[in-house]
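A.B. asks: FYI, the working numbering numbers position 255 of the sequence shown as 255, with every residue one higher than the one before it.
Misleading hints may appear alongside valid ones.
[To be verified] Here are the computed lysine-lysine pairs in the BS3-like style, where the Cα-Cα straight-line distance is at most 27 Å:
#1 277 / 59
#2 3 / 58
#3 277 / 291
#4 291 / 197
#5 291 / 3
#6 3 / 197
#7 59 / 3
#8 58 / 291
#9 277 / 3
[Said to hold, decoys possible] With beta-carbon atoms standing in for the labels, derived distance ranges:
#10 83 / 250: 36 to 46 Å
#11 221 / 42: 26 to 36 Å
#12 161 / 208: 20 to 30 Å
#13 157 / 102: 28 to 38 Å
#14 270 / 53: 22 to 32 Å
#15 257 / 59: 24 to 34 Å
#16 67 / 221: 40 to 50 Å
#17 14 / 62: 20 to 30 Å
#18 42 / 138: 17 to 27 Å
To be clear, the hints were calculated from the coordinates, so they are not data collected in a lab.
The beta carbon of each residue, even a glycine, is placed where N, CA and C say it ideally should be.
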Amino acid sequence: MVKIAYDPTPLHSEFEFLEFPRVTAELGFEWIQLTPHPDFLPFFHHPRVDRELIAAVKKSVTDAGIGISSLLPVHRISWPDEQQRLAAVRNFTRIIEIAAELDVRVINTEFSGRPEREEDSEAGFYATMEVLLPLLEREGITLNIDPHPDDFVENGVEALRIIRGLDSDRVGFVYVGSHTFHYGDEITRIVDTAGAKLNVAYAADSFDHHRSHGLRYISNPPGNAVRIHQHLNIGDGDVNWGEYFGELNRVGFLDRDDTILVSNVFAEDEDWRGSAKHQLETIHAGIAAAKQG
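With the sequences and hints as input, model every part of the structure.
C.D. replies: Have a look at this one:
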């Protein structure tokens with residue numbers, strides 16, 4: 001059965017990092033995805049982790065009675081400029097070591113390149129993976145990648161083609177619900193293309209920025225190279241959640257014991273407790289409805 005995990009980003013302003021497992025358990029989740037945090041895996045910087053912190057993380061998770069489903073670091077692994085890319089390789093090498101020390105077998109991330117330098121970013125990605133793939137193989141860790149808005153690849157199917165080019169069982173795909181409209185708004189096609197490489201799905205809603213003839217959101221001056229999306233409670237945006245859960249069920253994602261479904265709402269910090277409750281209840285309801293037909 002799929003693991004349902006909580007992204008604790010909404011807890012940053014009220015709790016210390018080592019309190020996250022306890023709060024996650026109190027919210028009713030059995031799994032936590034450890035996401036970027038200044039005391040652990042900060043964005044784009046070397047991990048702030050030593051042996052003492054690893055031991056403290058293990059204890060906090062054990063004391064809370066939950067598990068770590070996955071790590072989510074974000075580093076410039078596809079950056080078109082070599083100095084930043086090499087720094088990302090060093091950082092990610094350490095992150096793989098940390099995951100192994102925590103006995104976490106899943107790392108989720110983004111391509112983290114630049115759309116205006118697509119060709120250079122793709123070349124950087126494959127160069128990075130030449131280094132990381134042997135480490136993933138050695139540790140038995142799977143890396144799943146999201147083509148994030150404003151990355152060198154945003155379309156879901158094209159991202160899967162790039163992943164396929166690695167020809168590795170150690171690299172899979174993250175389907176982020178709130179990125180649906182940047183992926184190409186093709187849930188069924190992406191799920192079918194991904195096949196067994198669809199290992200992780202994130203549950204948060206977003207508005208379709210293509211609606212109203214592209215004028216649903218207006219940035220000035222017109223034509224700015226911006227990417228707009230949200231991470232809302234399920235039901236507050238335009239994602240077709242019946243299709244989302246239905247397609248995950250159709251391909252067996254919801255029944256696999258190696259898959260993860262993460263609640264990752266970032267827009268409700270004022271009511272993080274109510275949001276988490278809503279998300280957990282709605283995810284379970286969506287799964288139940290999909291299984292009923």
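A.B. asks: Holds or violated: are the alpha carbons of residue 58 and residue 291 at most 27 Å from each other?
C.D. replies: Violated: residue 58 and residue 291 sit about 35 Å apart, past 27 Å.
A.B. asks: Is the hinted pair residue 277 and residue 291 satisfied, with a Cα-Cα distance of at most 27 Å?
C.D. replies: This hinted pair holds, its Cα atoms lying about 21 Å apart.
A.B. asks: Measure nothing beyond the straight line between the CA atoms of residue 3 and residue 197; if it is 27 Å or shorter, mark the hint as holding.
C.D. replies: holds (16 Å)
A.B. asks: Could you grab the alpha-carbon distance between residue 277 and residue 3 and see if it respects the 27 Å cut-off?
C.D. replies: Distance of about 16 Å is within 27 Å: holds.
A.B. asks: Would the hint linking residue 277 and residue 59 be met if the CA-CA limit is 27 Å?
C.D. replies: holds (25 Å)
A.B. asks: Note whether the CB distance of residue 221 and residue 42 lies within 26 to 36 Å or breaks it.
C.D. replies: holds (33 Å)
A.B. asks: Has the hinted range 40 to 50 Å been met by the Cβ atoms of residue 67 and residue 221?
C.D. replies: Because 48 Å falls inside the window, the suggested range holds.
A.B. asks: Taking 20 to 30 Å as the hint, is the beta-carbon distance of residue 161 and residue 208 inside that range?
C.D. replies: holds (24 Å)
A.B. asks: A range of 24 to 34 Å was offered for this pair. Does it hold for the Cβ distance of residue 257 and residue 59?
C.D. replies: Cβ of residue 257 to Cβ of residue 59: about 26 Å, so the range 24 to 34 Å holds.
A.B. asks: Residue 291 and residue 197: Cα distance at most 27 Å?
C.D. replies: holds (21 Å)
A.B. asks: Within 27 Å, alpha carbon to alpha carbon, are residue 291 and residue 3?
C.D. replies: Cα-Cα ~16 Å, so holds.
A.B. asks: Starting from residue 3, check that the Cα of residue 58 is at most 27 Å away, please.
C.D. replies: holds (19 Å)
In summary, the structure is inconsistent with hint 8 from the numbered list given earlier, while agreeing with all the others.
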